[in-house]
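First residue of the sequence shown? That's 67 in the numbering used here, and the numbers climb one at a time after it.
Hints may be right or wrong, so weigh each one.
Claimed, not checked - Heads up, simulated DSS-like pairs for lysine-lysine below, C-alpha to C-alpha not over 27 Å straight-line: (1) LYS238 / LYS163; (2) LYS238 / LYS169; (3) LYS187 / LYS256; (4) LYS194 / LYS238; (5) LYS194 / LYS84; (6) LYS184 / LYS169; (7) LYS194 / LYS184.
If you are wondering where the hints come from, they were derived from the structure by calculation, not from laboratory data.
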Amino acid sequence: LGNTFHLWLRPGTEVIEKLGGLHGFNAWNDPILTDSGGFQVWSLAELRNISEEGVRFASPINGDRLFLTPEVSMRIQTALNADVVMIFDECTPYEVKGRIIQKDEAAASMQRSLRWAKRSKDAFEALKNHNALFGIVQGGMHEALRLESLQALAEMNFHGYAIGGLSVGEPKEDMQRVLAYTAPRLPHHKPRYLMGVGTPEDLVEGVRQGVDMFDCVMPTRNARNGSLFTRRGDLRLRNARYKDDEKPIDPGCSCYCCRDFSRAYLHHLQRVDEMLGAQLATIHNLHFYLDIMRQMREAIEEGRFQAWRDEFLAIRLEGV
């Protein structure tokens, strides 16, 4: 996944396009998805101003004034040559300055996102972009708004559909409620993508509800902070109990980190802030997430997903 907003600022669209798009720029020959910049509408709330035309930002790098619209986002993502392009939307917040937003506010945000979705699709087609364009369902925590959004997006006929506006500060039970309502109602014959989620348990719940794709910073961010995922729960690597622990992070894991290094060694690297510690932890966490997805695909194909899910969740609760 590439972050359109930040790549636009550094190194710049022109540089990446000159070097063959994102595939040429970072020598990645597998699929690449780019977000639209819409998430920054939410995450950079203190630096932006939303209007019907688009979003005005102050650059978080140097304070320069920037203007991002659906049309600009489509031009940037086309230059990046992502395999999956996301429409430009407004990620509806859960709360603003400690106040949970009301349904009418969520409705206004969702309806603007629908208008931007139409503009995104028109611009995408005008650019003759032959990659895939995904719509993004918004609507906050309100089922009726989610239904309105997904029905309107389905009529626009995107290549795939994402569920946005979750994991933005809402309680876990609200996230699961909205996911359980929305995911099964998305078009069954097209990919379903849950944006910005989440923990291993969230992935399992998402797949149970019919989600195909996920993205989240959690495996890498947690790794940098010494938090590793294992079959038996999360392991806090900086804890003193691991300073002389000879076992691998997860005895059942086949990743490079677990095959070759002990908890004691990784504990040492983390405690002295050695970059290798974060790298090895990242290798493990990414492997753990990819392996979960592999296991779920196999369980679905073999008709035993529910049994696999029950066992996975029970073992995760046992603790390291």
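Hints, one by one, checked against the model:
A C-alpha spacing of about 20 Å is found between LYS238 and LYS163, which places the hinted pair at or below 27 Å, so the restraint holds. Of the supplied pair hints, the one linking LYS238 and LYS169 holds, its CA atoms being roughly 19 Å apart against a limit of 27 Å. Distance hint between LYS187 and LYS256 is fulfilled; the C-alpha atoms sit about 17 Å from each other, no more than 27 Å. Restraint check for LYS194 and LYS238: not satisfied, since their Cα atoms lie roughly 40 Å apart, outside the 27 Å limit.
Among the hinted pairs, LYS194 with LYS84 is consistent with the structure: their alpha-carbon atoms are about 19 Å apart, no more than 27 Å. Of the supplied pair hints, the one linking LYS184 and LYS169 holds, its CA atoms being roughly 23 Å apart against a limit of 27 Å. Taken as a hint, the LYS194 and LYS184 pair is honoured in the structure, with Cα atoms around 16 Å apart against an allowance of 27 Å.
Hint check: a violation occurs at hint 4 only; the rest are consistent with the structure.
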